[in-house]
Amino acid sequence: MLGRTLREVSAALKQGQITPTELCQKCLSLIKKTKFLNAYITVSEEVALKQAEESEKRYKNGQSLGDLDGIPIAVKDNFSTSGIETTCASNMLKGYIPPYNATVVQKLLDQGALLMGKTNLDEFAMGSGSTDGVFGPVKNPWSYSKQYREKRKQNPHSENEDSDWLITGGSSGGSAAAVSAFTCYAALGSDTGGSTRNPAAHCGLVGFKPSYGLVSRHGLIPLVNSMDVPGILTRCVDDAAIVLGALAGPDPRDSTTVHDPINKPFMLPSLADVSKLCIGIPKEYLVPELSSEVQSLWSKAADLFESEGAKVIEVSLPHTSYSIVCYHVLCTSEVASNMARFDGLQYGHRCDIDVSTEAMYAATRREGFNDVVRGRILSGNFFLLKENYENYFVKAQKVRRLIANDFINAFNSGVDVLLTPTTLSEAVPYLEFIKEDNRTRSAQDDIFTQAVNMAGLPAVSIPVALSNQGLPIGLQFIGRAFCDQQLLTVAKWFEKQVQFPVIQLQELMDDCSAVLENEKLASVSLKQ
Amino acid sequence: MAAPMLRWGCRGRRWAFARVDGGSCHRRGAPTGSTSNRIRGESSVAQQPLHTAQKTRKGEHKWAAVVGLEIHAQISSNSKLFSGSQVRFSAPPNSLVSFFDASLPGTLPVLNRRCVEAAVMTGLALNCHINKKSLFDRKHYFYADLPAGYQITQQRLPIAVNGSLIYGVCAGKKQSQVIPKTVRIKQIQLEQDSGKSLHDNLRSQTLIDLNRAEGQLRVDANISVHHPGEPLGVRTEVKNLNSIRFLAKAIDYEIQRQINELENGGEILNETRSFHHKLGCTMSMRDKEGKQDYRFMPEPNLPPLVLYDATSLPAGADPQQVINIDQIRETLPELPSVTREKLVQQYGMLLEHSFTLLNEVGLLEFFQNVIKETRAEPKKVTSWVLNTFLGYLKQQNLAVSESPVTPSALAELLDLLDSRTISSSAAKQVFEELWKREGKTPGQIVSEKQLELMQDQGALEQLCHSVMEAHPQVVMDVKNRNPRAINKLIGLVRKATQSRADPVMIKELLEKKLSL
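These protein sequence lines map, in sequence, to chains Y and B. Throughout the first sequence, residue numbering follows full-length UniProt numbering, covering 1 to 528 in sequence. Throughout the second sequence, residue numbering follows full-length UniProt numbering, covering 1 to 516 in sequence.
Chain Y extracted, bound-state conformation (with noise of 0.2 angstroms):
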């Protein structure tokens, strides 16, 4: 059951195979044996049994509210949640719970989803790696699985399991570990820079980031406002469909949520013709540090769709090589004034020094951010300056509408989705990863990613195919903005041909089998 997808696990819920408390249990004797992964700073165990009681008095009545009752979840923890904790995975957030639900959280408590707890991230969700986070790195479940363990055992050099570890991306990854490692059926994300694909490529899952102004970011604590979008990230792409189906549409509490009326449910055709399509790969996002395996991936999907019918073209973004630095500017002035309301006045850490409020400004943002934050304040706020302002800001502004219109030049050629890699890679192991500085390494890995968030464009991760270590890589797809459904459409088609191999975490669990506490969920069957 556990391994099902969430359509799947609604139309049991629906039959009456397995009940909302039943199912919730399983996921929270799930969630405790994979601690391990550190997917969860929060598990909010009694406020899921409590909804999940709830739900099934409905279910019983005969009163469900749609596809999403009854269906654990989980929401990364830079969501606003009523009466839980709410940390961004930063000791200035330690102890701080919201008196309100983000607009996207309510939304699905609404339509009677379980909340199964917070997820971990990169602080602020500064990063992708899911490894900066005060509550420690997230562990990818490849890691364990019999897929990518297989493949180590065939190589001679492969030593030490245990402290090669492989890290999920971020930074939403404590997201993807939660929905990857089967103990949820969706989570929330955030996406600034790729911090919902990044992860879901890494952790074979759908990664979708809606077009900016369809999902409201009310309650979702910012990184970068004109960039962030709340992600979805689920096991296939119906599962997405539906989850955006609960959130889309304009929140009277966003100004920048847009009114006209979107095409609700987000229930997904399946197209059986793809000869009308047209695709556009785009040359720059050809680069040499892109690993062969995946280039390899990203031209047979082409040659998928060519196959089929559709034509595939190559288009050019030709301002894409500016896009990187183009961010570090927006992102860390956005970063600087937005981080400014943290001040240990009123919420979060305040330290204990007292002789002036200047002192104590200074000395509770030192401890209650970590050094990547605290660069990006530093940077953010030199750009700001009023005799750099021109020269950077203003100029990244520029750059930010260059880059825009690229993508709408190339959907105006015709182009209906854009094919492009989502990592450069499959996931590296911890200890590798942090060999470079977390600046440098969002640098590389949101090369592929990071566009689309100043375009405000629609944009989903779907795994293809394990790598050679038998490890997830997926590809991405890029939309017209508010284009989500067709985008999606596109991508189911894509996600049928490819059949990418469900997570086998069974060798997991029988590692775990002497810790388990429920033993009859030992031999649940993972696989579908």
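Careful: at least some of the hints might be erroneous.
To be verified - Straight-line distance between alpha carbons at most 25 angstroms, and here's what the computed SDA-like set of lysine to any residue pairs gives:
#1 K386(Y) / P303(B)
#2 K386(Y) / Q151(B)
#3 K107(Y) / P109(B)
#4 K386(Y) / A144(B)
#5 K395(Y) / Q151(B)
#6 K133(B) / S226(Y)
#7 K386(Y) / T153(B)
#8 K386(Y) / D293(B)
#9 K132(B) / T257(Y)
#10 K386(Y) / K239(B)
#11 K386(Y) / Y143(B)
#12 K196(B) / L217(B)
#13 K386(Y) / K436(B)
#14 K133(B) / D254(Y)
#15 K133(B) / L402(Y)
#16 K186(B) / S337(B)
#17 K196(B) / T357(Y)
#18 K139(B) / M360(Y)
#19 K239(B) / L385(Y)
#20 K196(B) / D354(Y)
#21 K512(B) / L463(B)
#22 K133(B) / I408(Y)
#23 K107(Y) / L302(B)
#24 K133(B) / H259(Y)
#25 K395(Y) / R156(B)
#26 K133(B) / P250(Y)
#27 K496(Y) / A12(Y)
#28 K436(B) / S424(B)
#29 K107(Y) / P303(B)
#30 K395(Y) / L302(B)
#31 K133(B) / P252(Y)
#32 K395(Y) / T153(B)
#33 K139(B) / N225(Y)
#34 K196(B) / H349(Y)
#35 K146(Y) / F500(Y)
#36 K139(B) / I281(Y)
#37 K386(Y) / R156(B)
#38 K386(Y) / Y141(B)
#39 K394(B) / T441(B)
Hints were generated in silico from the structure; no laboratory data involved. It should be emphasised that the depicted structure is a prediction, and the values quoted were computed from it without experimental measurement.
The hints should help you fit chain B onto chain Y, whose structure is shown.
For chain B alone, coordinates are given in the frame of chain Y:
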């Protein structure tokens, strides 16, 4: 200058923020310290102030001052500019604070429609160009009563620009003549208010009220001095002036201070100063090391504010989702300049009287109500309302709405005067009685106090006769053509009638008796 802003800026949480530029001042270099030297210059271009024709003493340079005002006025609205929290004067501290007002992480600003409409209306009233597209910016600084660490304002592209306001300046020997002046408005911007800090120095604590500040008007004055024809001087900013009187005092002081400083070889620092109202001087605030850099940045959570007019309004637009400038223009009340012009034309009133009538809240309405109910000449009504009535109010520091005398009572009083039932001195007496709030009508007072003019000619003739007999010397003087003597006789007769006789009538009778 700020009167229209004041007028509607009486309640509400948020500041409509008007930068009033110009108002150049000129004065001689002599450090007299007297305010009478100060002339509010016509605000042409601030950079090119008008030159006064004042003569300078030998060896002295002429100084010109440039003054720009930032006027913060609260918008009268039910809820705050960016949140749904209520606005209520003197509510308990922190009782009207939404999650957004407290800057809880993840909260977003939502613009209040009423505040935008008020800003547009202010812009129209001040002859501004209304920007159909305006933007919001963040202004950053750390302060305990600014919980987000930034303030949302309109720095780059404000809602209204390039306006003007005509106001009057008193001049002439008795300061009774009003000269109309024009001040240019640089921009009007919508701005979030900060909170209020209460410093408890004893316990070295600061208490913060996020209901936001409760002043109706707050002005920051930017002041510099320079020699005409030379580049502008370095400016200082005097912050948080909360009355027109202190504003004027602070500007006078600061201009003089800068001139003295420069003439003594010193220099002016670009700094923030505060006005000490007891000592009457400005002092450096010294709270910021060096120049504050506010690190302005576009507010990413508010899309550009787009306004429409009749020509640009999209077809089928939801009226709840759009703001139509032309529609707001239609709801604009008659502006003071138009009202003043009408008063001058309709009642033959002096321009300065029209200014006075409009400058006092409620006075114009009072005047018009009296006019409606009385037969007396408008000039008479004007004189009574502006001299007697306003004089009494000022003396007791009362607002028009607090007046003990109603328009009807004054109208009745003026009717009695007009019909020559009472003399004008008796009328003053009646007015004084009315002011006591004893609930009597002018008619009642007149009959109780027997203030009617003596209409009985025989009795009056008798009185004249007695007075002449009692004062033979004065009668002699009259006969000897002393022009003043007749007045003395008239006075004596009036006194005998307890001022109830019409002096004109007395004079006629006396002249007849003396066969003049």
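Each hint tested on the structure:
A hinted pair counts as satisfied when its Cα atoms are at most 25 angstroms apart, and K386(Y) with P303(B) qualifies at roughly 23 angstroms. The hinted pair formed by K386(Y) and Q151(B) meets the criterion: a straight-line CA distance of about 17 angstroms does not exceed 25 angstroms. Of the supplied pair hints, the one linking K107(Y) and P109(B) holds, its CA atoms being roughly 20 angstroms apart against a limit of 25 angstroms. Proposed proximity of K386(Y) and A144(B) is supported: the alpha carbons are some 23 angstroms apart, at most 25 angstroms.
For the suggested pair K395(Y) and Q151(B), the alpha carbons sit about 24 angstroms apart, so the restraint of at most 25 angstroms is met. Of the pairs offered as hints, the one joining K133(B) and S226(Y) holds, with about 19 angstroms between alpha carbons and a cut-off of 25 angstroms not exceeded. For a cut-off of 25 angstroms, the pair hint linking K386(Y) to T153(B) stands: about 17 angstroms separates their Cα positions. A hinted pair counts as satisfied when its Cα atoms are at most 25 angstroms apart, and K386(Y) with D293(B) qualifies at roughly 7 angstroms.
Note on K132(B) and T257(Y): the hinted pairing holds, with a Cα-Cα distance of about 21 angstroms set against a maximum of 25 angstroms. In summary, the hint linking K386(Y) to K239(B) is supported, as the alpha carbons are separated by about 22 angstroms, within the 25 angstroms threshold. With a C-alpha separation of about 20 angstroms, the suggested pairing of K386(Y) with Y143(B) holds against the 25 angstroms cut-off. A hinted pair counts as satisfied when its Cα atoms are at most 25 angstroms apart, and K196(B) with L217(B) qualifies at roughly 14 angstroms.
Restraint check for K386(Y) and K436(B): not satisfied, since their Cα atoms lie roughly 63 angstroms apart, outside the 25 angstroms limit. For the hint pairing K133(B) with D254(Y), the CA-to-CA distance comes to about 20 angstroms; that is within 25 angstroms, so the pair holds. For the hint pairing K133(B) with L402(Y), the CA-to-CA distance comes to about 22 angstroms; that is within 25 angstroms, so the pair holds. With a C-alpha separation of about 20 angstroms, the suggested pairing of K186(B) with S337(B) holds against the 25 angstroms cut-off.
At most 25 angstroms may separate the alpha-carbon atoms for a hinted pair to count; K196(B) and T357(Y) meet this at roughly 16 angstroms. The hinted pair formed by K139(B) and M360(Y) meets the criterion: a straight-line CA distance of about 22 angstroms does not exceed 25 angstroms. Between K239(B) and L385(Y) the CA atoms are separated by roughly 23 angstroms; this keeps the pair inside 25 angstroms, and the hint holds. With a C-alpha separation of about 21 angstroms, the suggested pairing of K196(B) with D354(Y) holds against the 25 angstroms cut-off.
Straight-line distance between C-alpha atoms of K512(B) and L463(B) comes to about 14 angstroms, which keeps the hinted pair within the 25 angstroms bound. Taking the CA atoms of K133(B) and I408(Y), the gap is about 24 angstroms. The hint holds against a cut of 25 angstroms. Straight-line distance between C-alpha atoms of K107(Y) and L302(B) comes to about 23 angstroms, which keeps the hinted pair within the 25 angstroms bound. Straight-line distance between C-alpha atoms of K133(B) and H259(Y) comes to about 19 angstroms, which keeps the hinted pair within the 25 angstroms bound.
Simply put, K395(Y) and R156(B) have alpha-carbon atoms about 16 angstroms apart, close enough for the 25 angstroms limit, and the pair holds. A distance of roughly 22 angstroms separates the Cα atoms of K133(B) and P250(Y); the hinted pair therefore holds under the 25 angstroms criterion. Only pairs whose Cα atoms come within 25 angstroms are accepted, and K496(Y) paired with A12(Y) is accepted, the gap being roughly 22 angstroms. For the hint linking K436(B) to S424(B), the alpha-carbon distance of about 19 angstroms falls within 25 angstroms, and the restraint holds.
The suggested pairing of K107(Y) with P303(B) holds, with an alpha-carbon distance near 24 angstroms, which does not exceed 25 angstroms. The suggested pairing of K395(Y) with L302(B) holds, with an alpha-carbon distance near 21 angstroms, which does not exceed 25 angstroms. Restraint check for K133(B) and P252(Y): satisfied, since their Cα atoms lie roughly 21 angstroms apart, inside the 25 angstroms limit. Between K395(Y) and T153(B), the direct Cα distance comes to roughly 22 angstroms. Compliance with the 25 angstroms bound is thereby established for this hinted pair.
Distance hint between K139(B) and N225(Y) is fulfilled; the C-alpha atoms sit about 16 angstroms from each other, no more than 25 angstroms. At roughly 23 angstroms between alpha-carbon atoms, K196(B) and H349(Y) fall within 25 angstroms of each other, so this suggested pair holds. For the hint pairing K146(Y) with F500(Y), the CA-to-CA distance comes to about 15 angstroms; that is within 25 angstroms, so the pair holds. Between the alpha carbons of K139(B) and I281(Y) the distance comes to roughly 42 angstroms, so the proposed pair goes past 25 angstroms and is violated.
This hinted pair checks out: K386(Y) and R156(B) have alpha carbons roughly 13 angstroms apart, not beyond 25 angstroms. Using a Cα cut-off of 25 angstroms, the hinted pair K386(Y) and Y141(B) holds, with the two alpha carbons roughly 14 angstroms apart. A C-alpha spacing of about 23 angstroms is found between K394(B) and T441(B), which places the hinted pair at or below 25 angstroms, so the restraint holds.
Of the numbered hints stated above, those contradicted by the structure are hints 13, 36, listed in ascending order.
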